[in-house]
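On the provided structure of chain F, position chain Y as indicated by the hints.
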Amino acid sequence: MFLSRLLPLTLACAVLSSTAWAGQITLKSTSSSVELIGKFKGYKNGVYTIETDLGELEVDARTVTCEGRDCPSISSLVSKFAITGNQAVIDTLLVPLLESYSFSLDAKIETKIKSDTKSNILISAKDGQDFADISVQSGAGDQLKNPLIVKSGTTSALPGEAGKTKITPLALDALVAITSDTNLVKSISLEAIHAVLSGSISNWKKLGGPDVAINLYLPQKTSDLAKTADIMGFDISKVKATERFDDLNELAKVVADDPYGLGFINFASRRNATLLPVLGSCGASVRPSSFSISTGSYPATFQHYLEANVAELPIFAREFLSYLTGGQAGSLIERQGYPSLSISETSMENQGNRIIHSLLATSRSVPSSEFRTMLKTLKTARQLSTVFRFNTDGTTLDIQSKAAFDALISELFLGNFADQTIMVVGFTGAEGSTRENKRTSKVSAQLVSDLIKNADSDGLLADLQIETLGFGEASPLACEDTANGIATNNRVEIWVKGAF
Amino acid sequence: MRLNDKAISFITGVVLLLGVGTVVHKGDELFGSKANTTQVAKADTGLAVQTDAQPIAHERSSIQMPDSITTALPSAKTTITDFELVRAEQIAPVTMPQPIYNTLQISPAEMDCALKLTAKSLRGARVQLAVIAPCHKNKIITITHAGLRFNEILDDKGMITIIIPVLSDPATIEVSFADGASKSISAPAKDLSSLQRSGIAWVGQADLQLHVDERYIKASKNTQITAQNTRSYKQSYLQGSGYITTLGNTDVESGAFVQIYSIENLTGVFVDFNVVLHTKSRGCNTPLMINTVRYSTVLGAQISRKNIPIANCSAQKGKIVLKNILRDLIVAQRN
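Chains F and Y, in that order, are what the protein sequence lines are. To convert, note that position 412 of the first sequence is 411 in numbering that gives the first Met the number 0; the numbers rise steadily by one, no gaps. To convert, note that position 81 of the second sequence is 80 in numbering that gives the first Met the number 0; the numbers rise steadily by one, no gaps.
I should point out that these hints are in silico values taken from the structure, not numbers from a laboratory. Treat the hints loosely; a few may be bogus.
[What the hints assert, rightly or not] Pulled from the structure, derived: some chain Y residues nowhere near chain F, Cβ distances all over 12 Å:
#1 112
#2 227
#3 250
#4 281
#5 306
[Unchecked claim] Cut-off 30 Å, straight-line C-alpha distance, at most; resulting in silico cross-link-like pairs (DSS-like, lysine-lysine):
#6 107/F / 322/Y
#7 107/F / 182/Y
#8 125/F / 43/F
#9 144/F / 220/F
Note that the Cβ used here is the ideal one computed from N, Cα and C, for glycine as well.
In isolation and in its complexed conformation, chain F is listed as follows:
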């Protein structure tokens, strides 16, 4: 675990003079004979900072002992920090991830439960040395020291990284409509969702079902999900509900057992309730799934993320944030029912709905030969869940796409798509001329191709075959009667196919 930190230490040893000077300290590795000598600059949150001939180095205090007059007096190396925010996400996602990370360190975990909303998690080594003391508290928790705050928001509403505040994406999610599997209504339009939530539709007959009142089940008005839904334009706090729930899993259970029940819930809490596809005004429908949420083709998609002042975070918390971007965390996130930011793939064979959508929703100005070319090009390839969208400036990736880009680059560096052709495929909405849209889509795809090539400063991907394509407005994912629909369709997808 600490090997990577000891590497700079070893290098430093090779070149540093052993002559003592004012403020000099010696950091000795506890696991080897490596020593690092330098001028003490500071100690904070479990990290020594020393000035050496190689420049300023940060050394994990858990891996070294300090010798010298200027060594600080350290009472404890235990990382103390807090986790606060959205309780459902803390309970169902963050605590399991924290446990998983601790187990990956072969550490012991002890949870002291104080109340339904407060607990302390102690993480210690097998030999008893404490690693971290974490206060977990749902709600605002503003008074907590060094908090990792669990928040939720739409991709467009996510705050940018300002100053020392770092945003770490956790998982994706979506607001979904659920019914019992015995319910005859098998899809719902966005308009109908708004009508139900405003109270103007209260009978299944208006949704294509029997003449029976809708039993409407919703989260509590003040819940985190209600707040997130409100940001997305779905006000679930005003309508009179049959019942409101604190526990979203309980909501899903009740809806699954009620043939006339209709519930609104987040995708990850769906349990065995039936998810209703959302029907667009142009006739196409999108089924809520991990893939449609990951690619942003399902409307009402949002993201859970962690917000933290990284400079103030102790080392255990910082390492935990790094762990969250890895494959093991991604696997656990998916098992917990959340679409993760890690890459999955699907073939054209599984995208019948997309082809139907292309035919129903695409403007008539797109020649049929363009469809044939697109289908012929993509039919033997697999689409990755990685989709890029740009900020309004048209040249920089939005925050979700940045995270997706990092994940893609990691996969490429790991060689997971070696011997395959990466197809960077641009698409646009239907606004503007067909010819201009095709050109724009190719330009967007070229931007992404350039970003990939620029990320490879060491030439590790020199053999990677990249094909850049643009099909303009030929394959919309959403109806373009809303700004969100237009934004959804302007995108760059990544497909892969065998190179031979």
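Chain Y only, in chain F's frame:
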């Protein structure tokens, strides 16, 4: 003959020699004496038995059904009995099952205080542990596996047989007594990777019960199972749902207990857990400390300790439902 041809001839010779050697060697295995081989019922390639019990020379061992093995009995002085795994061509006639310890007939002359263990791998990553401790009759035994432990009491012959759902492959099980006598044994659990396990372990007088809600499993008929209203491995196997195993003897004062739920790895599975504390139990007012255990193929066995304050426990009637102690088991589908 040119040099290349010579080289080819030499290599061909070596290959032939090796080939003949191999055939001869295989021949030893194929055509060797079968005098000491016993075939019992149908085969299970995932089955194995490890034992340190001293077998009786030239007597046939009968292993509990329904599994099947071929047993190569060693000589009288050998301390380890080897069992060779075979896949039978057809299901052999079934004989009445016998407890494994009945077949290990220990004559008074041979009886000593040695602690003897037998571990037999069963389907579903379970291990049948048989303990023979003639000098620990009616004594409390502590059984430890993968960081979990529980107590049982040996019978008046100093024996016990117990089936343990295990959390590692191979599964190492250690037994110990208050006087310091201890021994461990290992057995394979090859199908562990096809399972999920979740459970609780605790020490003391608290009357705890794991409650499992399987309503999301369509195949499940009785969707609520508990340590009392449990389900057998066979029932769960047949209907595609899970089962609870309860380990630990309540007659042991402040004993250690384990309750584990097991289910096959399926996607789209949601299982809810609650831990119920019965408020009439003697341990009601003491601080409650529970170890939660979880096994998954991806993460292996994970044990986490939970300290739970129970305010005015005995003043509350009946039982207290402790939610969120054991995390619900969710195996979501990717799409």
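Checklist entry - Out of the numbered hints, which ones does the structure contradict? => result The structure conflicts with hint 5 only, although it agrees with all the remaining ones.
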